[in-house]
Amino acid sequence: MSDDEYEEATPEEKLKIATHFILKSPNGEVNDVVSDLQKLLSNDPNILSKSTVERILRKYNTDQLFFAPDANNDMVVVSDIGEKDSSTYFDPKQNRFLKFDHHKKTFGAQVPGERKVDANTEPYRKSIESSIDKYGDESFTDGKYAAATYASPNGLITMIVTAKNLNLRNFWSGGWRSVYTLDVSKKGSKEMKGVIKLNVHYFEDGNVQLTTEFKSSVPIKVDTPEKTGPAVAAAIDKIESDFQKNLEEFYVRMHETTFKAMRRFLPLTGTKMKWKIHGHSLADEVSQFQ
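The opening residue of the sequence shown carries number 338 in the working numbering; numbering runs sequentially from there.
Heads up, none of these hints are tricks.
30 Å max Cα-Cα, derived DSBU-like pairs, lysine-lysine:
#1 Lys575 to Lys534
#2 Lys524 to Lys558
#3 Lys481 to Lys534
#4 Lys575 to Lys471
Hints were generated in silico from the structure; no laboratory data involved.
Using the sequences provided together with the hints, build the complete structure.
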């Protein structure tokens, strides 16, 4: 095989590569990525068949904690913890299941059924849900975020806050995902564990992405439901506010620290180089070798 020849990837390898690109798509751009990949693989349309794309988009939407309005314009989250099957998701706020189209990214009809409510856990879930909703309304733009609070029979509460801000016409998009868990089965001091994932894409005259993840663990006093809900929301508010503040400060410091470590702003003398003078001197020195 000559240097300018290459071995064509197998269909399995092409699917693996295509899946990677789809799952790594920035917010609001996944359908465009799928469309472009289908054009690139048009010689073998079976690689990204309708069922295959549906399967990949299902994982993408649940990983990204996608959300969309229902028929009443209430936001519902698509998540693993709320998944009944590949196209049916639980809405804990109204204890119902809804159909979801992963390609169109829209919710459809309500599906019969509901989840069993644990009498001991549900008061905590409702209090936490109400407090997080209040925090979300104060911290995020209306219509661009959603929150969901799930409860399991063993007393574990899972809280999700997810936000998307898309402005593709001006070449940028961003997404925020945070998930927290807290055991409320017994009163006392418990650890609330959380993870924040952030992705920002800017692609005007370039292609830059920021992807970062932050894990946290803070003590929470599990008391009555009425006291626990506000305490949880206050802790989440502090975690996320500190994370955003530290991220902003990091990029301000980067200009004078990280970049400075790679390239000096000024010579060791601390003064700018007088390029015109030194340019003439360099030219004179070079001329001596001619």
